[in-house]
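J.: Below, each chain spelled out in residue letters.
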Amino acid sequence: GIQVEQSPPDLILQEGANSTLRCNFSDSVNNLQWFHQNPWGQLINLFYIPSGTKQNGRLSATTVATERYSLLYISSSQTTDSGVYFCAVLTGANSKLTFGKGITLSVRP
Amino acid sequence: DTGVSQNPRHKITKRGQNVTFRCDPISEHNRLYWYRQTLGQGPEFLTYFQNEAQLEKSRLLSDRFSAERPKGSFSTLEIQRTEQGDSAMYLCASSLTGSYYGYTFGSGTRLTVV
Chain H
69 GIQVEQSPPD
79 LILQEGANST
89 LRCNFSDSVN
99 NLQWFHQNPW
109 GQLINLFYIP
119 SGTKQNGRLS
129 ATTVATERYS
139 LLYISSSQTT
149 DSGVYFCAVL
159 TGANSKLTFG
169 KGITLSVRP
Chain B
797 DTGVSQNPRH
807 KITKRGQNVT
817 FRCDPISEHN
827 RLYWYRQTLG
837 QGPEFLTYFQ
847 NEAQLEKSRL
857 LSDRFSAERP
867 KGSFSTLEIQ
877 RTEQGDSAMY
887 LCASSLTGSY
897 YGYTFGSGTR
907 LTVV
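Protein chains in written order, with my numbering: chain H, 69 to 177; chain B, 797 to 910.
By construction, these hints were calculated from the structure, which means they are not laboratory data. The beta carbon of each residue, even a glycine, is placed where N, CA and C say it ideally should be. Any given hint might turn out to be false.
To give a feel for the contact side, a few chain H residues facing chain B, derived at Cβ under 7 angstroms [claimed, not checked]:
{"#": "1", "residue": "N113"}
{"#": "2", "residue": "K169"}
{"#": "3", "residue": "G170"}
{"#": "4", "residue": "S174"}
The following block holds chain B by itself, in its conformation from the complex:
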């Protein structure tokens, strides 16, 4: 297993465009999480899935953001009508169910909105 994989690594987009990021978790992990990290801050929770069900969404996840995990494997995070404030690192993590299991993070997708 190669760990959690995220694509693309970097994305530069013009304000108002839509972008989509992909996350492939560790294959046996049933939980998948999306986080956002801005400069100088720790990662902030956006949403998480258990298998294909989206169980929790943060207030940070405005209606321009949508996440899916259609078959309980990979996930996509789409941002519509991007704004400059969306510029950040978007991190994906996966884990097994149960708080005693640690999270494994991917390398992230760095989004720059110009």
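The following block holds chain H by itself, in its conformation from the complex:
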């Protein structure tokens, strides 16, 4: 099956800093989603972005499908951005999302 790798596994930032989270995938995808999992376990959908660039406030995402990667940018980070960020992909005839292992982000005040 498809492999989804996220990097770096852990990231520590000072409040106000910018960061880039990366997701590589091993095969072509029909869709890609970025999620933020808060400390209570809720997975919050940030973007679904099979290709191109989208922006939502301080967050933006870019997927380059032909090169099989996606990037999530966080600008002017805040402590509330802390948590685990997951990339998940949907492929071919499958209807299930395959997740990466996640990136744990800690934003310090």
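For chain H, the structure is supplied; the task is to place chain B on it using the hints.
T.: Just chain B now, kept in the frame of chain H:
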């Protein structure tokens, strides 16, 4: 619409007991998915329904696990004879048919088997 709702939020059970979780999807979503997440890992697919039909089951779903979606609305996930290895977060998600629609996840049910 209040999103995807899961009950209970937490469940502690003794090894060998049966447990049942419930998921209420977004009302207009015809697809419903169950995932399991263990500590430090991403969610792993268990099974999914399109309306009331269960279309795919993961190898992770042993014969002690059963899922139903009797009227194409809410779903239940039952685990029989629980084992300590079943301790995990069980997540439910729903979507519309079509890969271009995103998934919406519930808050999950955290199961602890003691």
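J.: Evaluate each hint against the coordinates.
T.: To see whether the hints hold, each was checked on the structure:
Hint status for N113(H) relative to chain B: holds, with the closest Cβ pair at about 6 angstroms, below 7 angstroms. Using the Cβ-Cβ criterion of 7 angstroms, the hint placing K169(H) at the interface with chain B is satisfied: the shortest such distance is roughly 5 angstroms. The beta carbon of G170(H) comes within 5 angstroms of a beta carbon in chain B, closer than 7 angstroms, and the hint placing it at the interface holds. Because the closest C-beta pair between S174(H) and chain B is about 15 angstroms apart, greater than 7 angstroms, the hint is violated.
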